[in-house]
Amino acid sequence: MTDNNQSENRPFDNNQFQEHDHSQPHTQPFGSPFQPMEPDTEIHKHSGIGIASFVLALVAVLLVVIAIIIAVVGARGLAEDQSLLTELENFASLYGPGQETELGNALMDSEIFGEFIATFLFAGVLMLGSLALAFVGLILGIVSAASRKRKKTFGIIGLVLNGLFMVGTIGLFIATIALGMGSV
Numbered sequence: 001m002t003d004n005n006q007s008e009n010r011p012f013d014n015n016q017f018q019e020h021d022h023s024q025p026h027t028q029p030f031g032s033p034f035q036p037m038e039p040d041t042e043i044h045k046h047s048g049i050g051i052a053s054f055v056l057a058l059v060a061v062l063l064v065v066i067a068i069i070i071a072v073v074g075a076r077g078l079a080e081d082q083s084l085l086t087e088l089e090n091f092a093s094l095y096g097p098g099q100e101t102e103l104g105n106a107l108m109d110s111e112i113f114g115e116f117i118a119t120f121l122f123a124g125v126l127m128l129g130s131l132a133l134a135f136v137g138l139i140l141g142i143v144s145a146a147s148r149k150r151k152k153t154f155g156i157i158g159l160v161l162n163g164l165f166m167v168g169t170i171g172l173f174i175a176t177i178a179l180g181m182g183s184v
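In UniProt numbering, the protein residues as written are 1 to 184.
A hint or two may mislead.
As a list, the in silico SDA-like pairs of lysine to any residue whose alpha-carbon atoms are at most 25 Å apart [stated by the list, open to error]:
id: 1; residue 1: Lys-45; residue 2: Ile-156
id: 2; residue 1: Lys-152; residue 2: His-44
id: 3; residue 1: Lys-149; residue 2: Ile-139
id: 4; residue 1: Lys-151; residue 2: His-44
id: 5; residue 1: Lys-45; residue 2: Ala-146
id: 6; residue 1: Lys-151; residue 2: Val-55
id: 7; residue 1: Lys-45; residue 2: Val-55
id: 8; residue 1: Lys-152; residue 2: Val-136
id: 9; residue 1: Lys-45; residue 2: Lys-152
id: 10; residue 1: Lys-45; residue 2: Leu-58
id: 11; residue 1: Lys-152; residue 2: Gly-163
id: 12; residue 1: Lys-152; residue 2: Met-166
id: 13; residue 1: Lys-152; residue 2: Val-167
id: 14; residue 1: Lys-152; residue 2: Ile-51
id: 15; residue 1: Lys-151; residue 2: Leu-164
id: 16; residue 1: Lys-152; residue 2: Leu-164
id: 17; residue 1: Lys-152; residue 2: Ile-139
id: 18; residue 1: Lys-151; residue 2: Phe-135
id: 19; residue 1: Lys-152; residue 2: Val-61
id: 20; residue 1: Lys-152; residue 2: Ile-142
id: 21; residue 1: Lys-45; residue 2: Ile-139
id: 22; residue 1: Lys-151; residue 2: Val-59
id: 23; residue 1: Lys-152; residue 2: Val-59
id: 24; residue 1: Lys-149; residue 2: Gly-48
id: 25; residue 1: Lys-149; residue 2: Val-55
id: 26; residue 1: Lys-151; residue 2: Ile-139
id: 27; residue 1: Lys-45; residue 2: Val-143
id: 28; residue 1: Lys-151; residue 2: Ile-51
id: 29; residue 1: Lys-152; residue 2: Ala-132
If you are wondering where the hints come from, they were derived from the structure by calculation, not from laboratory data. Small disclaimer: the values here were computed from a predicted structure and weren't measured.
Full structure from sequences and hints, please.
Set out below in structure tokens:
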């Protein structure tokens, strides 16, 4: 073997690096790691699931506002209606301690008291319905935010609104229960 032959078989020959023309761009079969990505020419549409999540958040808030209005109007009517107060006093005088079941049955048979109970039950059902809508909207927001081929704007807004709504509503229920427990 000659010295010339040994230099050709070396894997890292210094001459090898000097022979490469660096003025030309580097060409590899798989492209250079420093080439910029081609811009995405595909126009993404808004996610239908994300829009649904956003709309469900708005409907849930609207239902709570309606429930609050119904409850306030019912409570105002309860406070202003003297016939209901008179009827409650009559029931209280007729039924003494130990007769709570009979008092409850008599109150439920009363038309005036039944109207107020129905009003408050309807407001409560609206609140629970809005909570259920917010839960569905939260799930749809998560699905929309995870989608790859669609815009995520409405999905993220729906996710945040539904999440805040659920946390606020559950917090309100817990605070109401805690206040009720403290007064007993």
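We went through each hint and held it up to the structure:
no.: 1; hint: Lys-45 with Ile-156; result: 15 Å, holds
no.: 2; hint: Lys-152 with His-44; result: 10 Å, holds
no.: 3; hint: Lys-149 with Ile-139; result: 18 Å, holds
no.: 4; hint: Lys-151 with His-44; result: 6 Å, holds
no.: 5; hint: Lys-45 with Ala-146; result: 15 Å, holds
no.: 6; hint: Lys-151 with Val-55; result: 16 Å, holds
no.: 7; hint: Lys-45 with Val-55; result: 17 Å, holds
no.: 8; hint: Lys-152 with Val-136; result: 17 Å, holds
no.: 9; hint: Lys-45 with Lys-152; result: 9 Å, holds
no.: 10; hint: Lys-45 with Leu-58; result: 21 Å, holds
no.: 11; hint: Lys-152 with Gly-163; result: 16 Å, holds
no.: 12; hint: Lys-152 with Met-166; result: 21 Å, holds
no.: 13; hint: Lys-152 with Val-167; result: 22 Å, holds
no.: 14; hint: Lys-152 with Ile-51; result: 9 Å, holds
no.: 15; hint: Lys-151 with Leu-164; result: 22 Å, holds
no.: 16; hint: Lys-152 with Leu-164; result: 18 Å, holds
no.: 17; hint: Lys-152 with Ile-139; result: 14 Å, holds
no.: 18; hint: Lys-151 with Phe-135; result: 22 Å, holds
no.: 19; hint: Lys-152 with Val-61; result: 22 Å, holds
no.: 20; hint: Lys-152 with Ile-142; result: 10 Å, holds
no.: 21; hint: Lys-45 with Ile-139; result: 20 Å, holds
no.: 22; hint: Lys-151 with Val-59; result: 22 Å, holds
no.: 23; hint: Lys-152 with Val-59; result: 20 Å, holds
no.: 24; hint: Lys-149 with Gly-48; result: 12 Å, holds
no.: 25; hint: Lys-149 with Val-55; result: 21 Å, holds
no.: 26; hint: Lys-151 with Ile-139; result: 17 Å, holds
no.: 27; hint: Lys-45 with Val-143; result: 15 Å, holds
no.: 28; hint: Lys-151 with Ile-51; result: 10 Å, holds
no.: 29; hint: Lys-152 with Ala-132; result: 23 Å, holds
Violation of the numbered hints given earlier is absent; every hint is satisfied by the structure.
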